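> Both chains come to you apart, so use the hints to assemble them.
Read top to bottom, the protein sequences are chains A and B.
Here numbering that gives the first Met the number 0 is used: position 135 in the first sequence is 134, and no number is missing along the way.
Here numbering that gives the first Met the number 0 is used: position 155 in the second sequence is 154, and no number is missing along the way.
To be clear, the hints were calculated from the coordinates, so they are not data collected in a lab.
Heads up, a few of these hints could be off.
Unchecked claim - One side of the interface only, derived from the structure: several residues of chain B facing chain A at Cβ under 10 Å:
| hint | residue |
| --- | --- |
| 1 | Glu50 |
| 2 | Met64 |
| 3 | Thr72 |
| 4 | Lys109 |
| 5 | Ile117 |
| 6 | Leu139 |
| 7 | Lys140 |
As the structure is a prediction and not an experimental result, all values here were calculated from the model.
Every residue, glycine too, gets a C-beta built ideally from N, C-alpha and C.
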Amino acid sequence: MKKYKVAVATLLVLFAMSVSGCLLSFTYMSIRDLSRQSRLDRQASFQLQEKEFQKLSAEHKEWKNLPQKLQAFHRDHIISMDRFAVFRRDLNSCLAANRLKAANISSQFSHRQGKIRKVILSFALEGTYRDVKKFIFDMEKKPKMNFFESMQLNGSAEMVKGNCKMEAYIGE
Amino acid sequence: MIKITYNLAATRKIKGWSFAFRAALLVLAIAALSAVTIANLGRQLQRNHAEKNESGLLGRQISEMQNRSLLQTREIAAWKKSRSKELAAANALIERKVFSFVARLDFLEKISNPGIRIRNITLVNESAGRISMSVSARSLKELFALYKALAPYELVIANENQTNDDEYQANLNFKMSNEKI
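Looking at chain B on its own, in the form it has when it is part of the complex (with noise of 0.2 Å):
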């Protein structure tokens, strides 16, 4: 940085060129100062007349977006009270028509050994998916591998035999719900 000395005093001479360069170099100074503050407050006046505009515009919208859903929320709650019903039963009539009775028949057989004979099974369309049935089997190792199969759809064993020609038969209670298929 350059040292500017002034020597003021009144007997003194002043070399006129060599004030007038300094003099000069400090307008400059005083000038680029200047231009910067300009530059940095044209910017920032540019930002804040963006950002009013957009903080304008964002509650404009929120506001407007406020008072739709008010205007939605309620509509949904009038719609709701009455096409609830209609849509409940729609719904519950889909439920049951989904309810597969092939899907289950497919399943015992793909867990049934061949050992394995099923007597008879009552099945229900219902959510829970009750199957009750009866079967026989060969041995009481085909007959646990079929307890182990179904163990996971809340088994119920009603009871066992024993038969006297060595036949297990066995009443049997299980659910298998659409999920679980």
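Here chain A stands alone, though its shape is the one from the complex (with noise of 0.2 Å):
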């Protein structure tokens, strides 16, 4: 009989145990699904860092490569110093295609500023409308840094009257 009782109690001890700790167990998962939710806040905001990283990387990209695409467009659109003979028949080729009767070509070269040095070019003109401005459209869409600075133009039967200065750079 006495056996009988110890492994009663046994028993009896063993359940009680088994059903604390299955008790336990999903008590201790519980709480450990409630601390996810603070590693999800600690990924969402690691994204956001992450984020923030890409957007300084990126600028510091765009830094880095700032020299070589300084350089290209040096050597894309500043008008290099033998070039400029080139450009300057450039444009009386161009006031010759478009009939125009320019006058007083003058340039003055400026001090040089870092590696480049400005030209102002001056003149007159007169053509008919259509020409003078087909003359603009031609010169604006040069790809080297020349521009026009100003421009005035007068408008007298279906003549244009216009002195304009033009802009030129150019690099040493």
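Shown next, in the form of structure tokens:
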């Protein structure tokens, strides 16, 4: 009889322990699930930081590549000193192609600023409005760094008289 | 749920098979509960391990990111100092290169009625896009239609005269920046 008592007591103790162990394991899991929310918050904040970092990296890359880009800009758009004569011939041929009479084309070279020097070209022109506009269009579409600084056009009858100032940038 | 009743009286005889069956049920229940506990704890341990790894990785990544950010910020600040002047000069040139006189003339052609004649016009390549012009109009209606078309461009009517041959002349100033074209 005593053997049975011991066996029953042992089994009951074991049962009680397993029930409480099982309950505790569920409780522990629930608590861990609650703490997962804070982990998700941490992850969200990490993702935000990562985005900021990517933005900064993109900016860093742009600044890093800037010297090459500036070099390419100078190469492609600034008129080299030995190409300035070509640019002047282009200007003359553009005026001639649009049947414009241009007088007193003067070039004024300014002091060098950094690697480039500004040249101001002033001239008066005369022709029909369409021809003047076509000339402006032709000069504006040229890829090199020359552009009109100011322009004054006077219309009389069918002819337009104008005074133009152009700027050209030449590199060393 | 099965109600298990034990008779532990000293004198009472216990049925061996019945006791064994009930004890077996209890053992099974204990085994099942223990299995659930072990499974729960095992799963949770795995999760904990994964989380620990992940948070460690996250921490290392954050610290690496912060170091690199600091380095990059310093480099950017140094480059800004040394290169921003050249960059500003290049951007200023580009801005002036894209200034289109033809686009402005096109616009004026579009808004001018046949009764409007532009006598002279001055255009300046600057960011504000200042334009001055003198116009003649055959009627006030046409002149006011021109004013209306130019109103969004900060139009200033410097003066307006009616000539002897019923023509209206006006000197106008307005601004047309690249963004407004």
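> Against this structure, judge whether each hint is valid.
Verification of the hints:
Of the supplied interface hints, the one on B:Glu50 holds, with its beta-carbon coming within about 6 Å of a beta-carbon of chain A, less than 10 Å. At a threshold of 10 Å, the smallest CB-CB gap from B:Met64 to chain A is about 5 Å, leaving the interface hint in force. Restraint check, B:Thr72 versus chain A: the minimum CB separation of about 7 Å is within 10 Å; hint holds. Taking 10 Å as the C-beta cut-off, the interface hint given for B:Lys109 is violated, the closest approach to chain A being about 13 Å.
Contact between B:Ile117 and chain A, as hinted, is supported at the beta carbon level, the nearest pair being about 6 Å apart and thus within 10 Å. The closest approach between the C-beta of B:Leu139 and any C-beta of chain A is roughly 21 Å, which is over the 10 Å cut-off, so the hint fails. With a cut of 10 Å, the hint placing B:Lys140 at the interface with chain A is violated, because the nearest CB-to-CB distance is about 22 Å.
Of the numbered hints given earlier, the model fails hints 4, 6, 7; all others are met.
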